[in-house]
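Colleague: In case you want the letters, here they are:
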Amino acid sequence: MDSEAETLFSLVKGKYGDKIASDELEEVRKAVEKIVESSMELREFELGNWDEPFSVFKPSRSEGE
Amino acid sequence: MNPVYTPLRELSRGVRSGEVSPVELAETFLERLETHGPSLNALVTLTRERAMKQAKRAEEEIKEGKIRGPLHGIPWGGKDLLATAGIPTTWGAAPFRDQVFESDATVVAKLDDAGAVLSAKLAMIELAGGMGYRQPNASFTGPCATPWSPGHWSGGSSSGSGAAVGAGLVPFAVGSETWGSILSPANNCGVAGLRPTYGRVSRRGAMALSWTLDKLGPLCLTADGCGMVLEAIAGHDPGDRSTSKRLYRYVLKRDGLRVAVPKGATEGVVEPVKRNFDNAMRVVEGFADVEEIEWPEFPYEAVTRTILNAEAAAAFDEFTERGLARGLTAPECRYGPYARTAVLAVDYLKALRLRERMARIAEDVMAGYDAVAAPSRATTVPRIDEEFRKSTPGTARDTMGALGNGAGLPAVSVPNGFDDEGLPTGIQFMGRAYGENRVLSVAVEYQCRTGWHRVHPERFTP
Numbered sequence: 011m012d013s014e015a016e017t018l019f020s021l022v023k024g025k026y027g028d029k030i031a032s033d034e035l036e037e038v039r040k041a042v043e044k045i046v047e048s049s050m051e052l053r054e055f056e057l058g059n060w061d062e063p064f065s066v067f068k069p070s071r072s073e074g075e
Numbered sequence: 002m003n004p005v006y007t008p009l010r011e012l013s014r015g016v017r018s019g020e021v022s023p024v025e026l027a028e029t030f031l032e033r034l035e036t037h038g039p040s041l042n043a044l045v046t047l048t049r050e051r052a053m054k055q056a057k058r059a060e061e062e063i064k065e066g067k068i069r070g071p072l073h074g075i076p077w078g079g080k081d082l083l084a085t086a087g088i089p090t091t092w093g094a095a096p097f098r099d100q101v102f103e104s105d106a107t108v109v110a111k112l113d114d115a116g117a118v119l120s121a122k123l124a125m126i127e128l129a130g131g132m133g134y135r136q137p138n139a140s141f142t143g144p145c146a147t148p149w150s151p152g153h154w155s156g157g158s159s160s161g162s163g164a165a166v167g168a169g170l171v172p173f174a175v176g177s178e179t180w181g182s183i184l185s186p187a188n189n190c191g192v193a194g195l196r197p198t199y200g201r202v203s204r205r206g207a208m209a210l211s212w213t214l215d216k217l218g219p220l221c222l223t224a225d226g227c228g229m230v231l232e233a234i235a236g237h238d239p240g241d242r243s244t245s246k247r248l249y250r251y252v253l254k255r256d257g258l259r260v261a262v263p264k265g266a267t268e269g270v271v272e273p274v275k276r277n278f279d280n281a282m283r284v285v286e287g288f289a290d291v292e293e294i295e296w297p298e299f300p301y302e303a304v305t306r307t308i309l310n311a312e313a314a315a316a317f318d319e320f321t322e323r324g325l326a327r328g329l330t331a332p333e334c335r336y337g338p339y340a341r342t343a344v345l346a347v348d349y350l351k352a353l354r355l356r357e358r359m360a361r362i363a364e365d366v367m368a369g370y371d372a373v374a375a376p377s378r379a380t381t382v383p384r385i386d387e388e389f390r391k392s393t394p395g396t397a398r399d400t401m402g403a404l405g406n407g408a409g410l411p412a413v414s415v416p417n418g419f420d421d422e423g424l425p426t427g428i429q430f431m432g433r434a435y436g437e438n439r440v441l442s443v444a445v446e447y448q449c450r451t452g453w454h455r456v457h458p459e460r461f462t463p
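From first to last, the protein sequence lines are chains A and B. Under my numbering, the residues of the first sequence are numbered 11 to 75, in order. Under my numbering, the residues of the second sequence are numbered 2 to 463, in order.
Careful: at least some of the hints might be erroneous.
[As the list claims (entries may be wrong)] Per label pair, the in silico range of CB-to-CB distance:
| hint | chain 1 | residue 1 | chain 2 | residue 2 | range |
| --- | --- | --- | --- | --- | --- |
| 1 | A | Glu47 | B | Val101 | 38 to 44 Å |
| 2 | A | Glu36 | B | Gly152 | 56 to 62 Å |
| 3 | A | Arg71 | B | Ala346 | 25 to 31 Å |
Hints in this document: simulated from the structure, not taken from any laboratory. These numbers come from a predicted model, not from an experiment. Glycine included, C-beta positions come from ideal geometry on N, C-alpha and C.
This is chain B alone, in the form it adopts within the complex (with noise of 0.2 Å):
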């Protein structure tokens, strides 16, 4: 079995059945990630010491029977916001090049437990994109490309979880969202990323950018790979007391699903992007209800948008007060955080206010559905080089990012096709909060019928 580009599923099948070595694995990935990462810009730190460690490790206990489970000896990727005890966390920015924590994240530790290989810390925007970003550049290892092609950009803030799961650089990685952060990189490197429900994985370990918008998720070649990593990443921890008490199973639900559009879905949107979806909702129409909904009127994104710069800017007060953001590599994250300090008392809490309205509209909205579909993005994948909004000029509000993200609510996006330059493109299904198994159900069964998941890009296919 050749374990590149293998999806995680028949991997895990091959490392338990003694088909593949975890040692030959690691040595598998870790070559490719030397070898790719920087030519991506999507490597900060390759943890080859701690990989063969664990590689050997899990090798000895497969060889004893001793199975931790089904993430067992497999490589893995963390975005460089996870905290690893004794190698450099730098939240991809030039002022933290240097940090290191004395202990793992949560999430890193319970992969640990379950037998995973940490094998890099990958590149992200400055600071998961706090400071107000507007271009590729925004990092201090530069910005990261797609797979798909070296002039485009690769999706952040997680972007190089994205590239290096596109690139086949490791099996899966995690990434963190925001408002954006799993999704966008998800859709321009042409894999699966699932946003799990606040709360659903803890986020003691990694950085903070808004404690309350925040939350840990998977990227890996397909939507069934991001169920099994969620199971193992899942889970009340006592250090997060945001984390929900309630277990989490990967169980896929066959039949009777339901899935809703909402009206307008498509507007503002360009036209591969809106083309592409028209032609993964016929998809979906073989196997789902599609019914059309609609969002009520609602200030979603000011509620969103106010939450995250009044928290935002508390979470690098210190940062900001001792000036170090003249340190950061965007020029226009020099001076970002100064004007979030303007966010008044009252306004956030008005904001706070209605994300509870905002979550009983998505409660109501969505009742009875399994998942909401949408393009992942509205544009088409920007180029590497430009600002945001030169590359890739658009209208269509975010409401879907914003009542997600603003009401903690899961979503995945899979690759559904490509534009006429040969980049992903992706589409969305976003669910009920602790919802993760109906999106998913959706996603893996809209993934069984078609092969989006299985074209990669060929300079790096070997």
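In isolation and in its complexed conformation, chain A is listed as follows (with noise of 0.2 Å):
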């Protein structure tokens, strides 16, 4: 396991260690590592600066106030 899936995962443990049984622990750990291999794939693509997430927050009103 590499740092950043060791960290993530003390994190997770840490926050809902008592809500996991011991048995699962190892299904987190791995599903915590497969969250990461993506995060890295996604991170080899380089975007620009300028390249906005595809939602765009719109301010809205309601009509006649």
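With the hints as a guide, dock the two chains, each given alone in a separate frame, to form the complex.
Modeller: Below, the structure written as structure tokens:
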């Protein structure tokens, strides 16, 4: 397990450890590793500073107000 | 006319002409739901009282010549994540089995206005699969079977929606898809399922798994039926800001159809699925120009998976914090949500930024084509009593699912044959944003030239 996955797993364990059975912790560790793997794939793809998230927040107000 | 397994258009004609009574229709399908629904684990709640009231009103209106539209008097079933006033909406999960809302989801209200008759709330994978299920037994109503075999899975997460249509328990159903949840049951149950463009159908009153990925859509015996239902449920809703103001009318394109097949579409796909896909494409070549395209290298699955993980973790944050996941059915769903809280905000935003790029790739590659064709699923139907990785191991990437759902694109799955065990396989046609009519045109023409949608499981055929 790389250090990022280890750190994130420690965070999850610290926050939710009381809700996770000891025999389930290994599965949670594997799931965290997969999440980090996906993140690594994303990070390899270079974007420009101007590349915005797809969902742009649009302020709105109700009619007549 | 025997209404069971009668395609929606024909059934609608029978109702409007007076040949078929809405009350008799409701009684027929309620009886079938009651008799067969439990054996498939497809039924959560039979909505008999509401159905009979709606059917009687439809019958009176039709007699008076007040026709609301093609769905008037037609029974239907809704995935049990659609809110229904005064009727439990369980989200397929034991912790929510007694949950009751005060108002109907917009989709339910729209179908009410269209005169359709809500007959059942249908089974689903708990929380629409958002906790990371790995087996069919992930619903408090039990694993849902495909009507084609009690030992095989219906698909999910719109499990009951697929099984009920496939077993002739309702003429149509409404399901939802975040990533695969309409196309998978359509494939496994041998029916047609349409995933509309994101924002085409209001999600108000539907359980949220992923706010930017969830879509509601119909499952029917035919692609033509899906178009009829979509016309009734599509439209802008002030209660769901994602909904489009584009009007939708179901109109088919008859000539000049162009279909693309992605390079490597059958790589890693199991043999019966590949064989049926190749045969289906020979049929498509008879009415459309078919060309090969290539998806460029891109982290399609990582983008959509990261968005799904982060949004599902946030949508069920309170549920997770309160430790309610312990009440879920599948063991892996009891701890599944915790790992998802590990997605970093910067990675979620990177995925949203890459989504823009992904949508542009789809637009560029699919420009000029009415649909992109691929097998609906890479594997045959999984067994009902085993983990997916054991019963249907596979190596195929789901680029179409990741790209289609990540970019919010429409797709329809229709049956294209059977495997060596007599279980259905499917072909999907995916289109550009708001291109439902194009993908339906290809699917309807394909169904006009094939008979797979007219073959039904023997034990449910009256």
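Colleague: Hint by hint, say whether it matches the structure.
Modeller: Hints and how they fare:
no.	hint	in the structure
1	A/Glu47 / B/Val101: 38 to 44 Å	holds (41 Å)
2	A/Glu36 / B/Gly152: 56 to 62 Å	violated (31 Å)
3	A/Arg71 / B/Ala346: 25 to 31 Å	holds (28 Å)
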